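Enquirer: Sequences are here, hints too, so could you generate the full structure?
If you want the building blocks of each chain, they are given just below.
Protein chains: 2
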Amino acid sequence: MADGSRPGGRSSRVRAAVLSAVVAEVQRAGFAGLSMERIAGRAGVNKTTLYRRWGSRAELISDLVAELAAREIPVPDTGSLMEDLRALMHGVVTALASLEGAALVRGVVLEAEHADDLREAAARFWSERFAGAAAVVRRGMRRGEVSADCDVDLLVERLVAPMYLRRFVTQQPVDRAYADRVLAATMGPIT
Amino acid sequence: MADGSRPGGRSSRVRAAVLSAVVAEVQRAGFAGLSMERIAGRAGVNKTTLYRRWGSRAELISDLVAELAAREIPVPDTGSLMEDLRALMHGVVTALASLEGAALVRGVVLEAEHADDLREAAARFWSERFAGAAAVVRRGMRRGEVSADCDVDLLVERLVAPMYLRRFVTQQPVDRAYADRVLAATMGPIT
DNA sequence: CCCTAAAGCAACGATACGTTGCGTTTAGTA
DNA sequence: TACTAAACGCAACGTATCGTTGCTTTAGGG
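Protein sequence lines, in the order shown, are assigned to chains P and H. Here the first sequence stands for residues 0 to 190, numbered as in numbering that gives the first Met the number 0. Here the second sequence stands for residues 0 to 190, numbered as in numbering that gives the first Met the number 0.
Just so you know, the hints here were simulated from the structure itself, not pulled from any lab data. Treat the numbers as computed from the prediction; the structure is a model and nothing was measured. The C-beta atom is built at its ideal place from N, Cα and C for all residues, glycine as well. Careful: at least some of the hints might be erroneous.
What the hints assert, rightly or not - Across the chosen pairs, the derived CB separations fall in these ranges: (1) P:M35 <-> H:H89: 42 to 52 Å; (2) P:D179 <-> H:R118: 18 to 28 Å; (3) P:A134 <-> H:P73: 40 to 50 Å; (4) P:H113 <-> H:R175: 20 to 30 Å.
Expert: Here you go:
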């Protein structure tokens with residue numbers, strides 16, 4: 000092999016096992032209770048492997064965030080802006096309800112302030128997500144479903160932000176009905 | 000003394016020194032990097048005192064949250080809904096920019112999932128804050144500045160949520176200009 | 001089938017954890 | 001002012017996890 004890297008086979012199995020073990024451990028004891036040795040044990044992997052491949056806990060979390068962020072989510076295109084936005088927001092509801100999605104956001108919120116690489120990974124993640132949502136809005140703008148002088152990025156933020164606030168800050172439930180209420184209240188006057 | 004408690008004098012000094020040391024340590028190394036011994040050292044207090052008074056790291060953070068949450072913030076009443084809301088949102092901007100405010104929210108986001116007492120403290124905190132903001136909106140509603148069928152609580156959430164999203168999730172800057180944009184976009188069509 | 005990247009294993013010192021026993025300071029009371 | 005007990009300081013303890021190292025074993029890819 001040219002560069003000597005060996006990505007397939009055992010390596011990828013180890014990687015998958017470790018990342019899933021991290022998620023499981025986050026669920027069990029929270030981010031503050033993460034232990035490298037426990038992660039290794041749950042993943043059926045030696046502690047040494049973690050340090051050799053990731054170097055530190057921060058890099059491991061950073062990799063997890065990048066991994067979860069890399070999962071492509073489809074951008075809806077039904078021809079109706081409201082239907083597209085509804086689908087997008089319901090996707091956020093599902094993501095926030097899932098363990099992986101919650102771990103992703105929580106990891107960023109917790110670590111990003113003191114880990115530059117994680118902050119970059121997070122920035123890439125959010126810019127991609129918001130770009131997809133913004134594209135949806137711009138399609139609707141071309142169809143005349145929203146006025147041309149609308150601040151698209153701000154609109155996207157206003158749509159999704161309340162769900163994050165409830166999920167992580169005020170600890171209130173987030174479901175599709177709530178998403179619909181936010182959507183109606185935000186888009187209602189614009190139409 | 001009857002119950003044997005002794006709240007004044009040295010006890011309160013120690014408490015103040017410790018809580019301020021926690022905030023300083025959060026700034027230095029983040030929540031994940033909190034060490035009881037380092038906190039004790041910075042506060043000029045023995046490690047034993049921390050464990051005897053608070054029992055655990057989680058309870059210490061919980062107490063800090065309760066302490067910060069107990070600080071009364073004035074609810075503006077200028078006679079104009081938009082001015083009141085602007086003042087409220089600028090207050091949030093200031094709080095998020097301050098170390099204490101960021102530590103408060105971050106502590107809740109980090110620990111609340113696995114600490115029931117902290118979750119209760121956080122719930123009290125947010126319900127008080129949102130009640131104040133909702134009162135402002137209802138005053139405006141009585142003056143006819145907002146329609147009577149408006150969902151007040153949802154409106155408050157929609158106003159403040161984008162600032163929290165930027166500060167903690169997408170890691171983007173939050174200033175008064177942004178708060179004004181959110182306010183204008185959210186209230187513009189209602190008026 | 002070989003070569004070697006990658007994982008396993010075992011042990012290390014260092015650090016922080018949480019706890020205990022005992023002596024000292026200090027606040028509140030009589 | 002003197003007394004009492006709550007609160008803190010101090011020192012030491014065993015434990016757990018950290019992060020690292022040297023060496024051996026496994027298994028993927030040419």
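Enquirer: Does each hint hold? Answer for all of them.
Expert: A quick look at each hint next to the structure:
| no. | hint | in the structure |
| --- | --- | --- |
| 1 | P:M35 <-> H:H89: 42 to 52 Å | holds, 43 Å |
| 2 | P:D179 <-> H:R118: 18 to 28 Å | holds, 27 Å |
| 3 | P:A134 <-> H:P73: 40 to 50 Å | holds, 43 Å |
| 4 | P:H113 <-> H:R175: 20 to 30 Å | holds, 27 Å |
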